[in-house]
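Trainee: Each chain, letter by letter, is given below.
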Amino acid sequence: MNNRATAVSLSDEERAVYEWQMWARGFGEEGQKRLKAATALVSRCGGLGGPVALELAAAGIGRLIVAHGGAIQPSDLNRQILMTADGVGKPRIESIIRRLHEFNPRVEIEGVAENITEANAAELVSKADIVFDCAPLFRERFALNRECVRQRRPMIECAMFGLEGQVMTILPGQTACLACLYPEDPPGWKRQFPVFGAVSAAAACLGVMEGIKLLSGMAPAALAGRLLYYDLASMDFQKIPVSRRADCEVCGRRENP
Amino acid sequence: MRIHVKYMGQLRHLAQRDEEVVETAANETLEAALRRVAGAYDAAFGQILFDPTGGFRPSVTILINDAPAHKSALPPLRDGDMVTLLPAIAGG
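Protein chains in written order, with the working numbering: chain A, 367 to 623; chain B, 96 to 187.
One should not assume that every hint holds.
Claimed, not checked - Listed next, with one range per pair, are the computed distances between beta-carbon atoms:
(1) B/N160 <-> A/L376: 48 to 56 Å
(2) A/F603 <-> B/H165: 17 to 25 Å
(3) B/A168 <-> A/G455: 52 to 60 Å
(4) A/Q439 <-> B/A162: 40 to 48 Å
(5) B/P170 <-> A/T450: 48 to 56 Å
Source of the hints: derived by calculation from the structure; they are not laboratory data.
Please read these numbers as outputs of a predicted model, since none were measured by experiment.
C-beta atoms are modelled at their ideal positions from N, C-alpha and C, and glycine is treated no differently.
Isolated chain B (complex conformation) (with noise of 0.2 Å):
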């Protein structure tokens, strides 16, 4: 299965990149798969995407198919998904 998914912030910025096809096994949830994907970029990117449980962070925005997704419900990920990363930001 694959997903897409795009940063945003400075997601992007420490990623180099705007979005990404990422492969995921079945079953696997978007954490598994995001924190394998954080493990090929600078350490700063996980730091901001995940707490130090390995959850996902309250100050990360994440939008599935567009829709705000609930990070203590997300939904089974689907074929095809597009997934977006809105860290914080306060530049001004």
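So that you can see chain A by itself, here it is in the shape it has in the complex (with noise of 0.2 Å):
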């Protein structure tokens, strides 16, 4: 995926660290190699996204931008594994890069203390070889959407419901986008749902499956143009194949060709 893996070793350390996953099929040394040389942008790290950023870090991606902003609240704590408890009412980025760093020193961070804007979505998606969209609110995630199919940068779409989570694999120019998917600004979304962290981990393993993937080359993202939908309940997973939209105003044919 990037010509910068050439250029990349691995330390002895790091070596040790990450031998078992090098045993992964298809994966291996050069795989390894791949994944530190890229960076990938997580948009809100909190329960979905932090999970999201901690796998990245624990599997060894060269650099990480977390963009979240606020302090934290109480009710962040049942499922967002990167606050701590002792950082209430604190920048929820200080904990964040904090977290991070104690787990995997060896992962550049770059910390951004505000969430997706359309202010500062172009910068920050253009230093980033792949974009998970973790944000509750539809306004952010469509702002990532858009500048991902403008500068082509493949975008893993990661989001839950009460017991329920779907995953999208976005690549520009070939498949779905966001606005593919949902063409409006669904009504009725409000800011606070029903949420368990595991619902929002599962999510966020399963499209950081699918950024390795694809950083790294030891396999096709499965979820290129299909819509992965679970339900927790009933323990239910289906793949549904969600189709480019010609007239899609963000990746529409005559628009973006």
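Since each chain sits alone in its own frame, please combine them into the complex, following the hints.
Mentor: Okay, here's the thing in structure tokens:
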């Protein structure tokens, strides 16, 4: 996926840390080097983006850009595993950076103490090889989607509600984008929603594996153009094909051939 | 004729049930049948499912017997059809 991997080498310490995952078929040392050469942007590091960032750090991504505004609230702590109880009232980004660094000090981390907006999306996306969309508001998701399509960056779309979750891999120019799936700002969506951390983390882990496959080249992204929807009440998982819309305002063929 | 309607996301939350059996009249469309159903729930249920003109919102994914259905060309209902309604979600 990225040519920078040829200039990257692994230290003995890194080989020791990542040895067991380098045994995975199709990954190996080459996959690990590609991951180390890569930068991922994670939009919000709450119940979903927190485990995304943590798993990317665990796997040895080279650089993480983590964007999350605001201060830790008590109600964050049932799911936001990068936040700690002693940080309530303090900026979330401080806890996020500290926890990630403690877990894997080899990962370079850029913390952004704000959420994704129309104003900052272009710059943040430009610095990343891949983007993980984990925000709880559609306006943030749509802003990120627009920039990923414009800059041709793959975006892993992850979301949840209650005991349900979904993941879709967006490859601009090849697959449906978020605006193909949701051509309008869905009415009735509220910032507050029922959530267990484990349901969010399930979407996070599924999404991270799509990203690792894309970045390392170990396998095709299985959810490119397909929405994986799961229901942890029934433990049903279903892949739903999502087609590009020719009239999509974001990725429609006329505007973005 | 009876169809099974399965709710996901906020629709499940608002309906307080996973699914239900809906009796449909002969030649009744899915839209018409679900507009009747929506009347039994909080107004937010109908707002998520239908646009102001009464058509299905583009942000709702509809599966009929587990296959995605094109909202502009929904097939006639058949007895025993399983209709799944997936509204947009963005929880993180």
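Trainee: Against each hint, give a clear statement of whether it holds in the structure.
Mentor: Now the hints, each set against the structure:
{"no.": "1", "hint": "B/N160 <-> A/L376: 48 to 56 Å", "in the structure": "50 Å, holds"}
{"no.": "2", "hint": "A/F603 <-> B/H165: 17 to 25 Å", "in the structure": "24 Å, holds"}
{"no.": "3", "hint": "B/A168 <-> A/G455: 52 to 60 Å", "in the structure": "54 Å, holds"}
{"no.": "4", "hint": "A/Q439 <-> B/A162: 40 to 48 Å", "in the structure": "42 Å, holds"}
{"no.": "5", "hint": "B/P170 <-> A/T450: 48 to 56 Å", "in the structure": "53 Å, holds"}
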